[in-house]
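Visitor: Sequence:
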Amino acid sequence: MHTVVVGTSGTTAEDVIAVARGNARVELSGEALDALARAREIVDALAAKPEPVYGVSTGFGALASRHISPELRAQLQRNIVRSHAAGMGPRVEREVVRALMFLRLKTVASGHTGVRPSVAQTMADVLNAGITPVVHEYGSLGCSGDLAPLSHCALALMGEGDAEGPDGTVRPAGELLAEHGIEPVELREKEGLALLNGTDGMLGMLVMALADLDRLYKSADITAALTLEALLGTDKVLQPELHAIRPHPGQGASAANMAAVLKGSGLTGHFQEESAPRVQDAYSVRCAPQVAGAGRDTMAHAALVASRELASAVDNPVVLPDGRVESNGNFHGAPVAYVLDFLAIAAADLGSIAERRTDRLLDKNRSHGLPPFLADDAGVDSGLMIAQYTQAALVSEMKRLAVPASADSIPSSAMQEDHVSMGWSAARKLRTAVDNLTRIIAIELYAATRAIELRHGLTAAPASLAAIAAAREAGVQGPGPDRFLAPDLAAADAFVRGGGLLAAVEPVTGPLA
16 MHTVVVGTSG TTAEDVIAVA RGNARVELSG EALDALARAR EIVDALAAKP EPVYGVSTGF
76 GALASRHISP ELRAQLQRNI VRSHAAGMGP RVEREVVRAL MFLRLKTVAS GHTGVRPSVA
136 QTMADVLNAG ITPVVHEYGS LGCSGDLAPL SHCALALMGE GDAEGPDGTV RPAGELLAEH
196 GIEPVELREK EGLALLNGTD GMLGMLVMAL ADLDRLYKSA DITAALTLEA LLGTDKVLQP
256 ELHAIRPHPG QGASAANMAA VLKGSGLTGH FQEESAPRVQ DAYSVRCAPQ VAGAGRDTMA
316 HAALVASREL ASAVDNPVVL PDGRVESNGN FHGAPVAYVL DFLAIAAADL GSIAERRTDR
376 LLDKNRSHGL PPFLADDAGV DSGLMIAQYT QAALVSEMKR LAVPASADSI PSSAMQEDHV
436 SMGWSAARKL RTAVDNLTRI IAIELYAATR AIELRHGLTA APASLAAIAA AREAGVQGPG
496 PDRFLAPDLA AADAFVRGGG LLAAVEPVTG PLA
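Here the sequence shown is numbered in our numbering, starting from 16 and rising by one per residue.
Since the hints were made in silico from the structure, they are not lab data.
It is possible that some hints are incorrect.
Calculated pairs, SDA-like style, for lysine to any residue (alpha carbon to alpha carbon, straight line, at most 20 Å) [to be verified]:
| id | residue 1 | residue 2 |
| --- | --- | --- |
| 1 | Lys-64 | Ala-89 |
| 2 | Lys-251 | His-263 |
| 3 | Lys-278 | Gly-472 |
| 4 | Lys-64 | His-82 |
| 5 | Lys-379 | Pro-522 |
| 6 | Lys-64 | Pro-85 |
| 7 | Lys-278 | Leu-527 |
| 8 | Lys-379 | His-285 |
| 9 | Lys-64 | Arg-88 |
| 10 | Lys-278 | Val-252 |
| 11 | Lys-414 | Pro-426 |
| 12 | Lys-64 | Gly-338 |
| 13 | Lys-64 | Leu-335 |
| 14 | Lys-251 | Thr-474 |
| 15 | Lys-251 | Asp-227 |
| 16 | Lys-64 | Ala-79 |
| 17 | Lys-414 | Asp-227 |
| 18 | Lys-251 | Leu-473 |
| 19 | Lys-251 | Pro-477 |
| 20 | Lys-379 | Gln-295 |
| 21 | Lys-251 | Gly-279 |
| 22 | Lys-64 | Ser-342 |
| 23 | Lys-379 | Ile-401 |
| 24 | Lys-379 | Val-252 |
| 25 | Lys-278 | Pro-522 |
| 26 | Lys-64 | Ile-401 |
Please work from the sequences and hints to get the whole structure.
Guide: The following block contains the structure:
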């Protein structure tokens, strides 16, 4: 099994996905263990002094003014975990919780938190055992980090609360720890706070969304090319010299992808052969690289923010190399929240333009000779009429999800935490948006492949034919009389979601950008 080694200098997106989705094992490097031990010595020294130090010998948040006596400090750390594990609502997905736990371990291993090596090792042991704490949808405001979600994870380290075992069954966390020979942690000064104070949930969801969107943007370039073919459009708008004079990197990459898919097509360039010749394709076809390209550039910015956050140690207070323990505001989720919202906006627009192309394929007045709704016997058959309704409903929800969460703030902790990021909420709605975008692209694929097969006597590009053949093999059926449509759409969704569309096309085109 793949092993991810956690050091002191952060981690990579690839490692997050390996742990969250691939169940990779986690190990702490010797460097990390040494850094943990050094930082703990500093915290222990401060705990022994009579002067109060925030997070070490004081209360938290609005209660930070109270100095806590030594005999109550272990109770203090337990209490912050128990009281902050206050989430409600549906369970958060396993992969999100694993990403959150791994990213918290990444910060702990930096040596800036003051957590003992034994606590960090327990965090790794829980991940490796496949134990996933139950975390709930609601509870994080994205400031002081993802407090409630991280608290539910810390609670499991203490052997309390509920968790899902490797068999998928939810049971008391203490039972699961015992079965795997893991001793519950007994928290000491600062450790409870250090386990809760980070942007780990929203960052984990950002990293996974970027991986999914990379696949979806390439898939959207393919479906846009298929639709262009099905509408007998022109590929001249994809010429690289046209995109060189407006040098947005994403736009150029998207145009190049579409051109690669369309290479060798016998369906493009029929403008002058119709009774009513066109001068230009509609915007949803002609401007596909501009819209998808802008989304790609948005992703590049979001990936830059994610890389900086992956290299960060997010906690409050932090242990500095010179021995100081300082309060700070690095836990504020604004940098991550903004790009999560930005991605939701871009994804909504990509879904919107894909839906417009699908609608054009179904409208006999704009499809240039295709049957109404791509029906077998229009009137007797409704064809894909309601598939477009479904797509439109998904687009409409994506527009609602594009409303920024990060533009909101709601005060908490008796006005101590009076401006929050709402980054967790931004991440949660982006996950829904990514799911919806997958379905929207799947419906365009379903319509475009059917439309191409209805262009009798004309041959599609080799890459398009490969996509159609693979889709049919995956259970995405072609033209014919009306049938129960939901299974076909589900097959198309699974084909796109699982990377089948890319896998079918890239052997013909080469790797898409």
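Visitor: Which hint numbers doesn't this structure obey?
Guide: Numbers 5, 11, 15, 24 and 26 - these are the hints that the structure violates, sorted from lowest upward.
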